[in-house]
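**Student:** In order, the protein sequence lines correspond to chains A and B. Going by this note's numbering, the letters in the first sequence line up with residues 58 to 428, in that order. Going by this note's numbering, the letters in the second sequence line up with residues 40 to 587, in that order.
Since the hints were derived computationally from the structure, they do not count as laboratory data. In this text, all values refer to a predicted model and were calculated from it rather than measured experimentally. A virtual CB, placed ideally from N, CA and C, is assigned to each residue, including glycine. Treat the hints with caution; some may be incorrect.
As the list claims (entries may be wrong) - Each computed SDA-like pair below joins lysine to any residue, with the alpha-carbon atoms no more than 20 Å apart:
hint: 1; chain 1: A; residue 1: K406; chain 2: A; residue 2: W395
hint: 2; chain 1: B; residue 1: K387; chain 2: A; residue 2: W395
hint: 3; chain 1: B; residue 1: K578; chain 2: A; residue 2: W395
hint: 4; chain 1: B; residue 1: K584; chain 2: A; residue 2: N150
hint: 5; chain 1: B; residue 1: K234; chain 2: B; residue 2: L250
hint: 6; chain 1: B; residue 1: K584; chain 2: A; residue 2: H147
hint: 7; chain 1: B; residue 1: K234; chain 2: B; residue 2: I586
hint: 8; chain 1: B; residue 1: K387; chain 2: A; residue 2: R333
hint: 9; chain 1: B; residue 1: K234; chain 2: A; residue 2: K406
Said to hold, decoys possible - Away from chain B, derived, C-beta distances all over 12 Å, residues of chain A:
hint: 10; residue: S171
hint: 11; residue: W262
hint: 12; residue: E291
hint: 13; residue: H302
hint: 14; residue: A303
hint: 15; residue: L412
Claimed, not checked - Label-pair distances were calculated between CB atoms; the ranges are:
hint: 16; chain 1: B; residue 1: S567; chain 2: A; residue 2: R151; range: 46 to 52 Å
hint: 17; chain 1: A; residue 1: T213; chain 2: B; residue 2: Q101; range: 43 to 49 Å
hint: 18; chain 1: A; residue 1: N140; chain 2: B; residue 2: P563; range: 20 to 26 Å
hint: 19; chain 1: B; residue 1: Q101; chain 2: A; residue 2: G355; range: 31 to 37 Å
One letter stands for each residue in the lines below.
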Amino acid sequence: MALWRILRSQLLWVGGLGALGSVVWPGVASAQSVPSPLDPASPNAALVANLYWIIFWMSVVVFVLVEGLLIYSAIRFRRRDDNEVPVQVHGNNRMEIAWTIGPALIAAAVFFLSWQVMLADRPPTADGVSAVSVASVCFNNDVSPEEAAQFLAVSTVTIEVVGRQWWWAYNYLDYGFTSAADLYVPVGEVVVLQLTSRDVAHSWWIPQLGGKQDLYPGATTYSWFQVTEPGVYEGHCTELCGSSHAYMPMRVVAVPADQFDTWAQNQAAANEVVERDYSSNELASEGQDLFTSKGCIGCHAVGGLGAGAEVGPDLTNLASRQQIAGMLPYNRENLKSWIIDPSQKPGSKMPRIPLTDAEAEAIVEYLDTQR
Amino acid sequence: MATISVPQHSIPWTQRGIMSWITTVDHKKIGIIYMTLAFFFFIVSGLLAMVVRLELTVPGQQFVSADLYNQIFTMHATGMIFLFVIPFFAGLGNFLVPLQIGAIDMAFPRINALGLWMALFSGIIMFGGFFVAGGAAAAGWTSYPPLSNSTYSPTLGQDLWIIGLQVLGISSILSAVNFLVTVANMRAPGMTWRKIPLFTWSVVTAQGMVLAATPMLTGALTMLLTDRQFGTRFFDAAQGNPRLWQHMFWFYSHPAVYIMILPAMGAVSDILPVFSRKPIFGYFAIFLSTVLIGVFGFTSWLHHMFTIGANPVVETLFMATTIIIAVPTGLKIFNWIATMWGGSLNLKTPLYYVLGFLSMFLIGGISGVFQGSVPLDKQLHDTYWVVAHIHYVLFGGSVFGIFAALFYWWPKFTGRMLGERLGMIQFWTMFIGMNVTFFPMHILGLLGMPRRYFDYPAGRGWEIYNIIATVGAFLVALSALLFIINVVISLTRGERASDDPWEGNTLEWATSSPPPDHNFDKIPPLTSDRPLWDLRVRKLGIQTKDIH
Numbered sequence: 058m059a060l061w062r063i064l065r066s067q068l069l070w071v072g073g074l075g076a077l078g079s080v081v082w083p084g085v086a087s088a089q090s091v092p093s094p095l096d097p098a099s100p101n102a103a104l105v106a107n108l109y110w111i112i113f114w115m116s117v118v119v120f121v122l123v124e125g126l127l128i129y130s131a132i133r134f135r136r137r138d139d140n141e142v143p144v145q146v147h148g149n150n151r152m153e154i155a156w157t158i159g160p161a162l163i164a165a166a167v168f169f170l171s172w173q174v175m176l177a178d179r180p181p182t183a184d185g186v187s188a189v190s191v192a193s194v195c196f197n198n199d200v201s202p203e204e205a206a207q208f209l210a211v212s213t214v215t216i217e218v219v220g221r222q223w224w225w226a227y228n229y230l231d232y233g234f235t236s237a238a239d240l241y242v243p244v245g246e247v248v249v250l251q252l253t254s255r256d257v258a259h260s261w262w263i264p265q266l267g268g269k270q271d272l273y274p275g276a277t278t279y280s281w282f283q284v285t286e287p288g289v290y291e292g293h294c295t296e297l298c299g300s301s302h303a304y305m306p307m308r309v310v311a312v313p314a315d316q317f318d319t320w321a322q323n324q325a326a327a328n329e330v331v332e333r334d335y336s337s338n339e340l341a342s343e344g345q346d347l348f349t350s351k352g353c354i355g356c357h358a359v360g361g362l363g364a365g366a367e368v369g370p371d372l373t374n375l376a377s378r379q380q381i382a383g384m385l386p387y388n389r390e391n392l393k394s395w396i397i398d399p400s401q402k403p404g405s406k407m408p409r410i411p412l413t414d415a416e417a418e419a420i421v422e423y424l425d426t427q428r
Numbered sequence: 040m041a042t043i044s045v046p047q048h049s050i051p052w053t054q055r056g057i058m059s060w061i062t063t064v065d066h067k068k069i070g071i072i073y074m075t076l077a078f079f080f081f082i083v084s085g086l087l088a089m090v091v092r093l094e095l096t097v098p099g100q101q102f103v104s105a106d107l108y109n110q111i112f113t114m115h116a117t118g119m120i121f122l123f124v125i126p127f128f129a130g131l132g133n134f135l136v137p138l139q140i141g142a143i144d145m146a147f148p149r150i151n152a153l154g155l156w157m158a159l160f161s162g163i164i165m166f167g168g169f170f171v172a173g174g175a176a177a178a179g180w181t182s183y184p185p186l187s188n189s190t191y192s193p194t195l196g197q198d199l200w201i202i203g204l205q206v207l208g209i210s211s212i213l214s215a216v217n218f219l220v221t222v223a224n225m226r227a228p229g230m231t232w233r234k235i236p237l238f239t240w241s242v243v244t245a246q247g248m249v250l251a252a253t254p255m256l257t258g259a260l261t262m263l264l265t266d267r268q269f270g271t272r273f274f275d276a277a278q279g280n281p282r283l284w285q286h287m288f289w290f291y292s293h294p295a296v297y298i299m300i301l302p303a304m305g306a307v308s309d310i311l312p313v314f315s316r317k318p319i320f321g322y323f324a325i326f327l328s329t330v331l332i333g334v335f336g337f338t339s340w341l342h343h344m345f346t347i348g349a350n351p352v353v354e355t356l357f358m359a360t361t362i363i364i365a366v367p368t369g370l371k372i373f374n375w376i377a378t379m380w381g382g383s384l385n386l387k388t389p390l391y392y393v394l395g396f397l398s399m400f401l402i403g404g405i406s407g408v409f410q411g412s413v414p415l416d417k418q419l420h421d422t423y424w425v426v427a428h429i430h431y432v433l434f435g436g437s438v439f440g441i442f443a444a445l446f447y448w449w450p451k452f453t454g455r456m457l458g459e460r461l462g463m464i465q466f467w468t469m470f471i472g473m474n475v476t477f478f479p480m481h482i483l484g485l486l487g488m489p490r491r492y493f494d495y496p497a498g499r500g501w502e503i504y505n506i507i508a509t510v511g512a513f514l515v516a517l518s519a520l521l522f523i524i525n526v527v528i529s530l531t532r533g534e535r536a537s538d539d540p541w542e543g544n545t546l547e548w549a550t551s552s553p554p555p556d557h558n559f560d561k562i563p564p565l566t567s568d569r570p571l572w573d574l575r576v577r578k579l580g581i582q583t584k585d586i587h
């Protein structure tokens, strides 16, 4: 165990080469919104980024050596005289053994470093539980409920992530409410995701927060992260899931822990409210009525209104989300165009409901108050 | 050659003109039809790839709908893998293996013809999906359930894909048996195992893998078909397991990567000594690494599935069995360089393509090590990094190997040479084109762009690399066009080839170009793995200095 710790710290140290790497890396320097695994924002992702740069520099050495030998041979040994007959070398066992052992050592190093990262990829609050058993709980979908409970007990926030064609539902198990699209989490706390699907296979991937994890119907898989800085971390579904596979982004919104608590309590409280009082906003009030009378509540819940509906995403905090339907930036025009014509998303399961312009405006006004 | 002149009218109609090709059981004609067919699907699947690149040039939807896009990339991969690379090497092996071992034909000529025509019909069945309601298969060439089941892919195209691939699977198994029996039983007297040309060894290994792996795929396809049509629940989420398909699929499809690359490596191992005027450096090491790659190919399939949530102990084992493949591969590369070292390099087109193979396959091999690492693969899996990797392996490796083989053996196929100058221009267009197309995809993957996306958001730094990749794709398309022009010129007014235009080492160069129906009038003494070199040295009275 002690040896592993030392090696792991070495790994982090050698990973300082990442600083060198970022000189040649266009992604990290450029923009905040680039979801690159080499710009980590969670300890597990940081380990992997370090590992990447170590193997990258090993590769550069191998690449330069072999390509150099190739180019050198092609130039140096080109035929100069049509009659020349070179020395007929049929082989050399010693040299061949040498260049078997060389690559074998490199392969062993890659294996060992990667294995160390696998062992280290565990929530930091799980000290006292052996690395291997935590890792197995973290990654094994076939763990016993007791094992899972032991692991989940050390986590701070547990969220069930449900993949759907083509959106994400989030069940905040500790708080008893459901959300969608933007996943709010507290900064600095360990977040454990229980992943499952209701239809086809999907894959959860926020590159800055660690590796991807597939979701399957009828099974639960696990992932975790611990966001180090407040911010918005974006990702995309990475398992082909049908027509709108490209319109299934996910987003983690990391906020300070106290803000998160307030947000979560507000969301939980909204569940208690079935009909909101819109006495000061007649248009929104009309929209609320239309939301029921046009049948929207058959699929979508807004707080307590339409509670339990889960065919489509929960809309309780729709107006504070960044996107509509995973493809349009959130604003009133886009919301209206989406309500009028959901077929703009390929394969969309939302029906086109005939609405007059005024009715659409009213529903937009109503939804735009859901924060 | 001909000593007896046969009057035209006495040849039955089934053996004249086009009919002589359709009814043939001659391994050379079958080989040429296989390769022509494969090249046709290379062009078709390549055009599909051009649609993919055009659609991805800038964000937004421009040319094709999301559903059509899914069909296009599914059929691009299906066509390139199952109908281009694998049948091409079946054809090349068909033409060359009997010649290289001094045989008169394959062991089972009629089964050989059956396999060929089944391959053609499988292509028609799978691509026929484009002409039925609902379009072609759209669940990716990996076709994972539940997406590929009858609920989420109810189209006829998906069934056609399954049935076509089953037909192709049976065709592959038939020809694998044929190859193995041929090499085991049909070798000329004196052709000991130690003297078998390395290309033939690579075909033997690859066909052994086909025989061991393909039944798993055809079995899985049958299960998927019965799930779709007859209500079985093999891959059902509630009563079966969708991930079972992934295990079965990759148990075939990982070996398939080696089935597609080993014959290219074999061609390289035959071409390099000829163009270096040296023996292959370490015949036994190259042979052994070929077989080892073949064996290891069966022990590493789970590395395609590191994100399914498998037991980490199992993942660690598969990481080891994956990364270890770098060792025999590295051995090959160093042995190839050692073959060139101190040689007399005849820098003609075949050698250029071999050098292209070596330098590009190296990149694919290196990026493969990244993906072999479990933690890194969880980041790189299903991103454009993987697209870059497979294209450096399959384009940089297999396709450069295929063009090396085409330029090298073309005179033997046709009796004419391919244009050297045009071949050079094609080489550089293809070499630059593939790097411009596929290298930026590594960066796209590291910037978080997933594969199989028909549209992507702007403002993530992805645009510029997509534009570069599309420009490169046009260069690759141009290189394919240059090759077609070269072929047309060669066949109509190309320079006549001698029996042995490259100073070859192996038996196929001991007969005429193209060879007669019965292949050989006389087989030279099989003195070593380079019988023709030995013959030439003796005839010219050259004193060689040999170091063993």
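**Student:** Each of the hints needs a verdict: does it hold here or not?
**Tutor:** Here's how the hints hold up against the structure:
For the proposed pair K406 (chain A) and W395 (chain A), the alpha carbon gap of about 13 Å is at most 20 Å, so the pair holds. With a C-alpha separation of about 61 Å, the suggested pair K387 (chain B) and W395 (chain A) falls outside the 20 Å cut-off, and the hint is violated. The straight-line distance between the Cα atoms of K578 (chain B) and W395 (chain A) is roughly 83 Å, outside the 20 Å bound, and the hint therefore fails. Our distance criterion of 20 Å between C-alpha atoms is met by K584 (chain B) and N150 (chain A), whose separation comes to about 18 Å.
Using a Cα cut-off of 20 Å, the hinted pair K234 (chain B) and L250 (chain B) is violated, with the two alpha carbons roughly 24 Å apart. For the hint linking K584 (chain B) to H147 (chain A), the alpha-carbon distance of about 11 Å falls within 20 Å, and the restraint holds. Taken as a hint, the K234 (chain B) and I586 (chain B) pair is honoured in the structure, with Cα atoms around 18 Å apart against an allowance of 20 Å. Using a Cα cut-off of 20 Å, the hinted pair K387 (chain B) and R333 (chain A) is violated, with the two alpha carbons roughly 80 Å apart.
Of the supplied pair hints, the one linking K234 (chain B) and K406 (chain A) is violated, its CA atoms being roughly 64 Å apart against a limit of 20 Å. Annotated as non-interface, S171 (chain A) brings its C-beta within 12 Å of a C-beta of chain B; the closest such distance is 4 Å. With a closest Cβ-Cβ approach of about 7 Å to chain B, W262 (chain A) is found to fall inside the 12 Å limit, against its non-interface label. Its beta-carbon lying about 8 Å from the closest one in chain B, E291 (chain A) breaks the requirement of being farther than 12 Å from that chain.
With 12 Å as the threshold on Cβ separation, the claim that H302 (chain A) sits away from chain B is violated: the shortest Cβ distance comes to roughly 6 Å. A Cβ of chain B approaches the Cβ of A303 (chain A) within 12 Å, the least distance being about 4 Å, so the stated non-interface status is violated. Here L412 (chain A) stays apart from chain B, with its beta-carbon at least about 25 Å from theirs, past the 12 Å limit. The hinted window of 46 to 52 Å between S567 (chain B) and R151 (chain A) is violated, with their beta carbons roughly 23 Å apart.
Against the hinted window of 43 to 49 Å, the Cβ-Cβ separation of T213 (chain A) and Q101 (chain B) comes to about 45 Å, which satisfies the hint. Between N140 (chain A) and P563 (chain B), the C-beta spacing of about 23 Å keeps the proposed range 20 to 26 Å intact. Roughly 35 Å separates the CB atoms of Q101 (chain B) and G355 (chain A), a value that falls within the hinted 31 to 37 Å.
Comparing the model with each earlier hint shows violations of hints 2, 3, 5, 8, 9, 10, 11, 12, 13, 14 and 16; every other hint is respected.
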